[in-house]
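**Q** Take a look at the letters that make up each chain.
There are 2 protein chains.
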Amino acid sequence: MNFCSNCGSPVASKIPAGDHLPRFVCTNCGTIHYKNPLLVLGCVPQWQGRILLCRRAIQPRLGFWTVPAGFMENGETLQAAAARECQEEALAKVEVGSLLAVVSVTHANQVHVMFRAQLSRPEFAPGPESLEVALYEEAAVPWGDLAFPSGEFTLRQYFADRAAGREDHHFTELNRPLRP
Amino acid sequence: MNFCSNCGSPVASKIPAGDHLPRFVCTNCGTIHYKNPLLVLGCVPQWQGRILLCRRAIQPRLGFWTVPAGFMENGETLQAAAARECQEEALAKVEVGSLLAVVSVTHANQVHVMFRAQLSRPEFAPGPESLEVALYEEAAVPWGDLAFPSGEFTLRQYFADRAAGREDHHFTELNRPLRP
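Going down the list, the protein sequences come from chains G and E.
Sequential numbering from 1 applies to the first sequence in our numbering.
Sequential numbering from 1 applies to the second sequence in our numbering.
For reference, chain G alone in the conformation it holds in the complex (with noise of 0.2 Å):
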């Protein structure tokens, strides 16, 4: 951040009376320009007993594979933002079930939250982020070619609760970069 969003003026990074954090302030206005953490929501999709994942078309990780999952937008609820996500990513439309993982990946200043869903109909197909959108048996999951950290956390969770017969929420926190 170089410049005011209200003013257009430079900003400098200080800490503002009654503070504790450096913040871009504004050194014509005095606006305090804030930087917070930023939601990714997403889900897995369940269709008898397989699970939807996503190859990404997109940078970052190109190529490899995810659950369905983005930026949570303004206005809308965590569960209608990874219904979307899974809309825009795999065309395909689902029923939003339960908390499954909550993932503070600070190195980022992300948080994932991943729900459990169930696919309305077995009908999918690569969204413009998409390479290919595939429904997988759980000893076909591509572990090795897995896009994000988070993910694999949050495949984990879901195989071992469902082995369990239980639909727990799990939080963990990630704090490295990506591998290259």
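In case anyone wonders, no lab produced these hints; they're calculated from the structure.
No copy labels: a pair is met if it fits in one copy or bridges any two.
Taking lysine-lysine and the DSS-like style, the derived pairs with C-alpha atoms no more than 30 Å apart in a straight line are:
{"no.": "1", "residue 1": "K14", "residue 2": "K35"}
{"no.": "2", "residue 1": "K93", "residue 2": "K35"}
{"no.": "3", "residue 1": "K93", "residue 2": "K14"}
Let chain G serve as the given structure and place chain E on it in line with the hints.
**A** Using the frame of chain G, we list chain E on its own:
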């Protein structure tokens, strides 16, 4: 938003290629400036059956009571944010427990995430953003003087779960402005 935070030129609201929502786009360098929901983290700290509330010293809702909560910062986990807010607003140390409430506050573009928590010791005092901090029995909670609907939802779920001997988590959407 009026100016690009990257180059200082004016921005215009338009739908970028491949997108479906209007964004602020720089008329000079083309940077797309996304606006996304903010996370508010809080907790219901308890001590020997009573819960800790704070009376707000700042706007909005100055003078009304709230669970300790505030904006999550970059680089922290959800639980760390909830504990930090309690430290700042109530000068109280807590052990953060189970997930209690997730509230999509769509009219404010916020997501409020509330946990159960245990006061580490019965020591607390008003931080700079609080007028008073006090432990309340359930029957004494000032329901008519609560600051925010998300806090009321959180507390009602908290006491209902406690009465039932469970620790569930609860989703809801709140889409109405504050009372004046």
